[in-house]
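Asks: From first to last, the protein sequence lines stand for chains B and S. Under this note's numbering, the residue at position 133 of the first sequence is numbered 133, and the numbers go up by one with no gaps. Heads up: take any position in the second sequence, counting from 1, add 237, and you land on this note's numbering.
Treat the hints with care, since some could be wrong.
[What the hints assert, rightly or not] Which residues of chain B face chain S? A few of them, derived with a C-beta cut under 10 Å, are: (1) S47; (2) G51; (3) A84; (4) D104; (5) N105.
[Stated by the list, open to error] In silico DMTMM-like links for lysine to aspartate or glutamate, alpha-carbon gap of 25 Å or less: (6) S:K475 with S:E445; (7) S:K646 with B:D85; (8) S:K475 with S:E314; (9) S:K485 with S:E332; (10) S:K475 with S:D499; (11) S:K646 with B:E60; (12) S:K646 with B:D20; (13) S:K475 with S:E414; (14) S:K475 with S:E622.
Treat the hints as calculated values from the structure; they're not laboratory data. Glycine included, every Cβ here is placed at the ideal spot set by N, Cα and C.
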Amino acid sequence: MSEPIIGIENLVFRWSAGVDPCLDIASFEVQAGERIFLHGPSGSGKSTLLGLFGGVLVPERGRLNLLGVELTKLSSAGRDRFRADHVGFIFQQFNLIPYLSVIDNVLLPCRFSAIRHARVQEGGRTPRSEAERLLSHLDLAAALHDRTATQLSVGQQQRVAAARALIGQPELVIADEPTSSLDAERQIAFLDLLSRECVEAGSALVFVSHDRRLAAGFSREIDLPSINRCAAEGAPV
Amino acid sequence: MRHLLFLATRSAWNRRLTLGLTLVSVALSVTLLLGVARVRQEARDSFAQSVSGTDLVVGARTSPVQLMLYAVFRIGEATNNIRWQSYQALASHPEVAWTIPLSLGDSHHGFPVLGTSSAYFEHFRYGSSQGLALAAGKPFADVFDAVLGSEVSEHLGYHLGDHITLTHGMGGEGLAEHADKPFTVVGILAPTGTPVDRTVHISLEAMEAIHLDWQSGAPIPGFSIPAEYVRKFDLTPKEITAMLVGLKSRAAVFKMQRYINDYAPEALLGVLPGVALDQLWEVVGIAERTLLAVSAMVVVVGLTGLTAVILASLGERRRELAILRSVGAKPSDVFLLLTAEGLCVTVLGALIGVILLTLLTALLAPFAQSHFGLVIQPEWISVEEFMLLLSVVGVGLCASLVPGYRAYKLSLADGLTPRL
Numbered sequence: 001m002s003e004p005i006i007g008i009e010n011l012v013f014r015w016s017a018g019v020d021p022c023l024d025i026a027s028f029e030v031q032a033g034e035r036i037f038l039h040g041p042s043g044s045g046k047s048t049l050l051g052l053f054g055g056v057l058v059p060e061r062g063r064l065n066l067l068g069v070e071l072t073k074l075s076s077a078g079r080d081r082f083r084a085d086h087v088g089f090i091f092q093q094f095n096l097i098p099y100l101s102v103i104d105n106v107l108l109p110c111r112f113s114a115i116r117h118a119r120v121q122e123g124g125r126t127p128r129s130e131a132e133r134l135l136s137h138l139d140l141a142a143a144l145h146d147r148t149a150t151q152l153s154v155g156q157q158q159r160v161a162a163a164r165a166l167i168g169q170p171e172l173v174i175a176d177e178p179t180s181s182l183d184a185e186r187q188i189a190f191l192d193l194l195s196r197e198c199v200e201a202g203s204a205l206v207f208v209s210h211d212r213r214l215a216a217g218f219s220r221e222i223d224l225p226s227i228n229r230c231a232a233e234g235a236p237v
Numbered sequence: 238m239r240h241l242l243f244l245a246t247r248s249a250w251n252r253r254l255t256l257g258l259t260l261v262s263v264a265l266s267v268t269l270l271l272g273v274a275r276v277r278q279e280a281r282d283s284f285a286q287s288v289s290g291t292d293l294v295v296g297a298r299t300s301p302v303q304l305m306l307y308a309v310f311r312i313g314e315a316t317n318n319i320r321w322q323s324y325q326a327l328a329s330h331p332e333v334a335w336t337i338p339l340s341l342g343d344s345h346h347g348f349p350v351l352g353t354s355s356a357y358f359e360h361f362r363y364g365s366s367q368g369l370a371l372a373a374g375k376p377f378a379d380v381f382d383a384v385l386g387s388e389v390s391e392h393l394g395y396h397l398g399d400h401i402t403l404t405h406g407m408g409g410e411g412l413a414e415h416a417d418k419p420f421t422v423v424g425i426l427a428p429t430g431t432p433v434d435r436t437v438h439i440s441l442e443a444m445e446a447i448h449l450d451w452q453s454g455a456p457i458p459g460f461s462i463p464a465e466y467v468r469k470f471d472l473t474p475k476e477i478t479a480m481l482v483g484l485k486s487r488a489a490v491f492k493m494q495r496y497i498n499d500y501a502p503e504a505l506l507g508v509l510p511g512v513a514l515d516q517l518w519e520v521v522g523i524a525e526r527t528l529l530a531v532s533a534m535v536v537v538v539g540l541t542g543l544t545a546v547i548l549a550s551l552g553e554r555r556r557e558l559a560i561l562r563s564v565g566a567k568p569s570d571v572f573l574l575l576t577a578e579g580l581c582v583t584v585l586g587a588l589i590g591v592i593l594l595t596l597l598t599a600l601l602a603p604f605a606q607s608h609f610g611l612v613i614q615p616e617w618i619s620v621e622e623f624m625l626l627l628s629v630v631g632v633g634l635c636a637s638l639v640p641g642y643r644a645y646k647l648s649l650a651d652g653l654t655p656r657l
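Go ahead and model the full structure; you've got the sequences and the hints to work with.
Replies: Structure representation (structure tokens):
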């Protein structure tokens with residue numbers, strides 16, 4: 001793939017007209033298969049940036065290009081579909097739908113995206129067997145697969161979220177502080193598993209954290225405050 | 238759409254206790270609404286069918302509603318009677334097929350006494366042209382025979398062969414009794430669900446006989462005619478209260494009505510029972526409409542509760558909605574998810590309401606028939622009830638749009654990271 005996974009040029013975002021912009025990025029690129037550590041303390045505009053990547057927010061101006069598609073040119077439903085098809089998300093905590101089983105949580109992207117469903121089948125598996133494969137790879141015993149999400153420990157829940165982000169091999173996986181609720185030892189273990197699975201799925205990984213100690217092992221580290229020209233003003237979140 | 242349905246059902250199941258209780262309240266309110274609508278319909282039908290097959294009700298000139306009130310419902314008293322000659326003149330009119338004379342004024346333990354002729358048992362029709370049927374005994378033949386309506390016999394515990402005395406006037410206790418001339422119960426009518434059930438029927442001759450020794454509403458002092466001698470007198474009535482007229486051809490009804498209203502020897506009034514019953518229903522129907530309005534309010538309360546429950550759940554579901562957004566749900570999906578939940582509870586509640594009502598009516602139908610003569614049709618729902626159900630679902634949809642829209646706005650504002 002010659003197109004970058006993410007391409008940003010002169011992007012400006014503000015929450016509403018009249019307030020100061022909270023993101024102003026001259027250039028930001030992520031290549032296919034790259035694993036980026038995006039360092040951002042709170043207030044550096046990190047959640048906003050993730051919202052832009054996910055297509056739930058739209059920049060005021062500038063280019064926001066994912067997989068060669070200019071997100072600003074898509075309709076909001078088009079951006080939702082694009083996110084379902086090409087991006088996997090892992091959040092800080094409470095990643096799972098509490099009333100669904102572990103397996104059903106992992107299968108969610110396949111329900112919303114025909115493309116990811118099709119990719120699983122191209123791999124010669126049913127969505128369920130692929131979900132089970134991913135869960136096993138992430139060290140979740142088969143006995144846990146049919147449990148309700150809330151019966152799992154926080155660490156287990158984060159691994160289920162990782163399996164969900166990875167199913168159907170999206171081109172981009174975005175992890176927003178996924179380890180902050182884990183203890184140090186589990187943080188490293190989780191990171192290793194996530195990196196390994198991203199490599200196997202061929203997904204680029206953007207890992208967002210305020211904790212620089214986790215940066216080791218990534219192909220590149222980017223400091224959000226240093227590329228965001230309005231971070232100094234301390235815009236909220 | 239299928240994945241949304243899957244999520245909606247799972248999510249609802251997860252909150253089955255609160256949603257279940259809300260469902261129960263919606264279902265009960267629908268049962269109440271439909272129940273009231275059905276009883277209202279039955280009451281209206283049975284009211285409209287208090288008399289049928291009769292082309293004209295004739296009495297002294299008064300208001301049509303008042304004439305119906307005393308002639309058909311035995312409520313209130315006639316201010317004027319009609320002369321026997323007038324009755325005979327109308328009865329022998331070439332257009333007239335049959336007549337039933339009605340003579341009112343006495344009572345028995347608060348139940349009205351009706352003096353009439355054997356034509357009553359032959360020609361009186363109620364409901365959809367049902368004739369009177371005797372549950373026991375036979376029509377009156379002798380002067381002091383009485384035939385009881387079903388409610389009279391049931392309420393007072395009378396059987397065939399029992400002796401009863403009539404009270405002069407329509408009041409309760411304390412009025413003069415016709416104690417010297419007791420009647421024998423010779424027949425008991427089957428329930429009709431009409432005022433017939435509350436009536437004691439005697440012959441016109443009997444009505445005349447018990448008043449032989451009366452004048453101006455009181456026994457003539459020192460003058461008494463023993464029961465065994467009354468047959469020696471001419472018992473032809475001088476006056477009756479009203480009469481029911483059946484015509485040979487219904488087409489003549491307006492002509493006949495005009496003839497009666499223009500009748501020269503006496504000021505008479507002829508009314509078409511259907512028209513007068515409708516007028517009367519406009520008056521007594523207020524209670525029934527009020528009841529329907531109240532039960533409609535109960536449904537609105539139920540649906541408001543539903544909206545409140547779903548709205549309240551939204552707070553703890555913001556995270557869930559953000560997760561759904563992250564895996565690709567559109568804000569419109571979120572809107573559908575929440576709206577569908579409310580709509581499903583409403584539709585389900587309406588269905589359960591219908592089932593409950595059907596069970597209840599099936600359970601109560603024998604009771605209603607034996608006690609009130611109300612024949613409750615074993616139908617599922619009438620067109621009117623279906624329209625009511627549709628409006629319930631319509632209101633439910635509107636109520637569900639509220640949490641749907643709120644969730645839509647929230648998910649637009651929250652994006653992938655809810656501000657909790």
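Asks: Run every hint past the structure and note whether it holds.
Replies: Right, here's what the structure says about each hint:
Interface restraint check for S47 of chain B: the shortest CB-CB distance to chain S comes to about 5 Å, inside 10 Å, so the restraint holds. This hint holds: G51 of chain B has a C-beta 5 Å from the nearest C-beta of chain S, less than the 10 Å allowed. Taking 10 Å as the C-beta contact cut-off toward chain S, the hint placing A84 of chain B at the interface holds, the least distance being around 2 Å. The criterion of a C-beta within 10 Å of any C-beta in chain S is met by D104 of chain B, whose closest approach is roughly 8 Å, and the hint holds.
A cut of 10 Å between beta carbons decides the hint on N105 of chain B: the least distance to chain S is about 9 Å, and the hint holds. The hinted pair formed by K475 of chain S and E445 of chain S meets the criterion: a straight-line CA distance of about 8 Å does not exceed 25 Å. For the hint linking K646 of chain S to D85 of chain B, the alpha-carbon distance of about 24 Å falls within 25 Å, and the restraint holds. Only pairs whose Cα atoms come within 25 Å are accepted, and K475 of chain S paired with E314 of chain S is accepted, the gap being roughly 18 Å.
Proximity of K485 of chain S to E332 of chain S is assessed by CA-CA distance (about 6 Å); at most 25 Å being required, the pair is judged to hold. Between K475 of chain S and D499 of chain S the alpha-carbon distance is near 22 Å, which keeps this suggested pair within the 25 Å criterion. With a C-alpha separation of about 20 Å, the suggested pair K646 of chain S and E60 of chain B falls inside the 25 Å cut-off, and the hint holds. Our distance criterion of 25 Å between C-alpha atoms is met by K646 of chain S and D20 of chain B, whose separation comes to about 23 Å.
At roughly 22 Å between alpha-carbon atoms, K475 of chain S and E414 of chain S fall within 25 Å of each other, so this suggested pair holds. Proposed proximity of K475 of chain S and E622 of chain S is contradicted: the alpha carbons are some 51 Å apart, above 25 Å.
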